[in-house]
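Engineer: Here is what each chain is made of, one letter per residue.
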Amino acid sequence: MALLEVENLQTHFRTPGGINRAVDGVSFHVNEGETLAIVGESGCGKSVTSMSLMRLVPEPPGRIAGSIRFAGKDLLKLSDREMRAIRGNDISMIFQEPMTSLNPVLTVGRQIRETLMIHQGLDKQAAEAHAVEMLTLVGIPEPKRRVREYPHQLSGGMRQRVMIAVALACNPKLLIADEPTTALDVTIQAQILKLMLDLKHRVGAAIILITHDLGVVAEIAERVMVMYAGRKVEEAPVAELFRSPRHPYTQGLLGAVPRLGSSLAGTATRLAEIPGQVPDLRKPITGCVFAGRCALATDLCRQYAPGLEEKGPRHIAACHYAAKGAVAA
Amino acid sequence: MSPPLLQVNDLKKHFPIKTGLFSRKSEFVYAVDGVSFEIARGETLSLVGESGCGKSTVGRAILRLFDITSGQVILDGQRIDDAHPSTMRQMRRRVQVVFQDPFSSLNPRMRVRDILAEPIRNFGLAKSKEDLEVRVTELMDTVRLPREALNRRPHEFSGGQRQRIGIARALAAEPELIVCDEAVSALDVSVKAQVVNLLQDLQQKFGLALLFISHDLAIVEHMTHRVAVMYLGKIVEIAPRREIFAAPRHPYTKALLSAVPLPEPGAQRNPIILGGDVPSPINPPKGCRFHTRCPFVFDRCRTEEPTLRAVGAEQWAACHLDEVPQA
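Here the protein sequences line up with chains D and L, keeping their order. Throughout the first sequence, residue numbering follows the UniProt record's numbering, covering 1 to 329 in sequence. Throughout the second sequence, residue numbering follows the UniProt record's numbering, covering 1 to 327 in sequence.
Calculated directly from the structure, the hints in this document are not laboratory data. Values in this document were obtained by computation on a predicted structure and should not be read as measured data. Glycine residues also receive a C-beta, built at the ideal position from the N, C-alpha and C atoms. Do not rely on the hints blindly, as some may be mistaken.
Unchecked claim - Have a look at the derived ranges for each label pair, beta carbon to beta carbon:
1. L:K12 to D:M99: 23 to 31 Å
2. L:M91 to D:T298: 49 to 57 Å
3. L:S51 to D:T136: 24 to 32 Å
4. L:T307 to D:N103: 41 to 49 Å
5. D:P58 to L:R309: 41 to 49 Å
Said to hold, decoys possible - A few chain D residues that don't get close to chain L, going by computed Cβ distances all over 10 Å:
6. I19
7. R63
8. Q153
9. L193
10. V203
Isolated chain L (complex conformation) (with noise of 0.2 Å):
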């Protein structure tokens, strides 16, 4: 068996917040957790949960957009999360991103034809001003965009057309991982549609491994490999898209599941509402985070923190009730 692709052990990110009057770093966020987990090469991994989960916070520490305060990011092989500039320059361009606001993650200043030979010259791909432009013409070509597009700057493109030039430049780095936070949140229900089956054909084509951040739980189960499901900054269950589907564990996945609308009139459900909110990550509950709203909440759980246990073949949950024998 091959070595994963992309391997994140023990993940932890802290952030500071400032208190008081001069500004002591007192407090911190925790943001992510303690979080473990291993996408393959082609395969894709979401990341579910709700705002303030620390989904995001993976995803970027991923991309290293900020350095993580303990833990392990290893791609390939090789460690990313301490890597020395110059060895992570080359990295860099095996993991590429796309954002979920197509307006703001694209120069205004830029056209487009410059926002993509950008990645390819700074990564040296193109071996001359022929090859740079054979290869941004077949970039447009692949997210299906006309090419004379490719002189136009970002404000005349619509929201959907916008993500498919962000796409475009994540490829031209010829990555082996792009991850996509919220990348078609913010799209309109018939554009959804395009981008999410741009992204699967790209996926095939390229064999391309995919971290899928977002919240719409539909479109993770209509595009995923396997889901991670986190809450305050940990992930409460791990597995492969139909155990999550057919048969979650944690009462955390459970509750989510069955508080998506379904667009069904009259469907027949009942969902498990959850009282209260998500607490702040700045004081996380003790025991299991999730116990404050946890339905099936015993003793053990406001003292004890439960840690992922297999529960099924390839199926992880964190939660004391799997130890209780199943009446």
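Excised from the complex, chain D in its bound form (with noise of 0.2 Å):
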């Protein structure tokens, strides 16, 4: 069942320069307990997709318009008391960078207490404990005296189990992580995602997963979306998607991404480019999105913009060129 269901997503900004698209017109579905990764290269949208479903999205210069659906009620029609009482409590999100999203001069105790007394109305004593439960599930040593400390005091993957910790305090059904291990270094990385898969076992809460590292994503997603210039390019199950993408543009992140053993294997030839650059949001764009750097384009591309058309099981594209069912080279 779908617990998140989102229609027709156009998140615009006004700016001097024009309207800008952020997000224009992208519609997906998240079920219970499922993970969904949106992947895609900075300003494609997917961040201010995951800040539109919290509806964190400064109103003007922003406008967000489609429906977003939670649970059954449209989170766009709600009050901001309303969402207020959603936020932190049935969907809370982790950032990319936990030191400026801890406050500095509460103690990382009282930022976990903060949530669960105003979400469950437990007293002092009771959210203290519960404080120090979530940091001992969140594998933090000594969580007793970590509880009384502030966040200059953690280093940065501590940090991280800290936002995570708040975040799952109040069981929330969606968490969504934007970029949750991008600041950290590769070892650390590897406890977080351990960490982020242990929980999501134990919890049982959906993951909306933001990130650009496709290693990321292969590790832990079940689906994946693809988002380009603001659209929704692609959408496939992890595997699917990994092994035989679609759309031009996926195939060419896949190939731009260097593996690990590519020098043993012989494979450590030249990176696939994608040539060209992002187009401006702000002009409108006529055809494909893509157009203007896929090597397949040709007038219709330029002319009419493809729609999601489905590829494969359970696998949508927007390619006017994609083979259907076919398994791309």
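Reassemble the complex: the two chains are provided individually, in unrelated frames, and hints are given to aid placement.
Structural biologist: In structure tokens:
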């Protein structure tokens, strides 16, 4: 059953240079307990999508249209007060930079307590005890001492664990993780990814993982949605997407990543380049958003935007030329 | 055999930190603590490791952006760590740098033409005004940017294009060695591929040596000849690419490689998850610096510091385990 259903989400920003169509007509769903990854490069709208789900986009200059149905309610129709009851409770979020998203002048214990006291109505003692439990859950040693510490006393990996503890404190149904490991070193990233996988099985929350790292996607996602220039261009189960990407952009993205072990496999040749750059989102785009950089593009692509079509089992892509059913080379 | 282009001998850089009310310099950050390596002409050596391991400090010491605490940096047979400013100036031409952040490493008030012309004028490489113009336009062709862009300023370019300007500026001085300090880390996947390919082409074309400082192991494997793995200010392993990626010897190298998530769903891998965090370089652990996180630690590691020893043809690792007879 779908926990979250997003229909035709449009998040536009008014800027001096015109209207920036950061997210332009994106639809997707997330099932209960499922992990959906949203991938794409800077400016593709993946973070704006997640901010829109939480209604954290400043309005104005932003404007969100479409519908976001979460557990039967349209989040875009809720009052600010109703929305506040959902944020941090039913839907919570982990950000990339744990140093800027934790409050530097409050102890970590207080920051975990706060959500519990507001949303779950716990008293201070109960909340404190639960905070210690949460820190234990996310694998912080000496949790009783750590609850009394401030964010600057913790390392980057520990801070990210605290962020996860804050996010999971109220047992959310949906967790949005926006580049949760991007700022971390590889060995710490491995710790945090393992933690997220463990917690996924234990807590059972659905996860929307936003990242540009295809390695992280392969590691924890079940389904992947690829965004480009504010639109969804492809969506498929993770194994299917990596095995037979249909959209030329997805193919380019996968080809541009060097793989560990390439020197041994003798595949350390040239990386595939995607020529050119992302289009300016302040100008209306007619036709396919990727046409300007696509090797397959024809006049058809430049005039008519392709719709999302089924290309395989649970596999959709927006391309006039992506073969239906055929396994791409 | 010709001497190496760059030789670094027992390089140390300790930064004093001010403590207490009277700012007595009583403690030091042991950022780099005895590092030695060589780079041959036309070779790429990569320095890899996690934040705070000292890899960037090594790069900056070679560029002589600060004076080193002890050790030697020798460029083409000549010491540059204590060279007089006038000789240093000529040496600086031969070693250039590309930084990580293309937004802060270009002067926003200068046009691209002036950014590229500055090093050429500085080192007196152009014979005339016309020659300068020819060189500047050639540089734009070399890094595959349109010539019209010469009259624009950095803010008009995307991240990938700015990084190309940074590379063109480094090339303008006709260097023999370029220090690339996380030069592609801030770029998006598709743009990163463009810049990596460009760097490889330039190396071929000009016979450049590269000191490639990066934390991205997949990129490193793709473009390097040799790799030095650093941990807390020391090199723990140094070897040609094939040896590092196929047969890493040091436990830290193994853990680092196993921790990289592969873009292959369902890939069978057993990451060695290291516990804890990197210790502080202010009070590095006694004995082997990795002993607090090493899965194979034994008594000797806690007291005695291992030194780099040859474990293969060109492979060196600093680990006591290599002395234990292999079962």
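Engineer: Each of the hints needs a verdict: does it hold here or not?
Structural biologist: Verification of the supplied hints:
1. The hint said 23 to 31 Å for the Cβ distance between K12 (chain L) and M99 (chain D), and at roughly 30 Å that hint holds.
2. Our hint of 49 to 57 Å for M91 (chain L) and T298 (chain D) holds, since their Cβ atoms are close to 55 Å apart.
3. Roughly 27 Å separates the CB atoms of S51 (chain L) and T136 (chain D), a value that falls within the hinted 24 to 32 Å.
4. Taken as a hint, the range 41 to 49 Å holds for the pair T307 (chain L) and N103 (chain D), whose Cβ atoms sit roughly 46 Å apart.
5. At roughly 59 Å, the beta carbons of P58 (chain D) and R309 (chain L) sit outside the given window of 41 to 49 Å.
6. Distance to chain L confirms I19 (chain D) as a non-interface residue, since its nearest Cβ pair spans about 21 Å, more than 10 Å.
7. With a least CB separation of 26 Å from chain L, R63 (chain D) remains clear of the 10 Å interface cut-off, as annotated.
8. No beta-carbon of chain L is positioned within 10 Å of the beta-carbon of Q153 (chain D); the least distance is around 12 Å.
9. Separation of L193 (chain D) from chain L is inadequate, the least Cβ-Cβ distance of about 7 Å not exceeding the 10 Å criterion.
10. Listed as outside the interface, V203 (chain D) is consistent with that label: its C-beta sits roughly 20 Å from the nearest C-beta of chain L, beyond the 10 Å cut-off.
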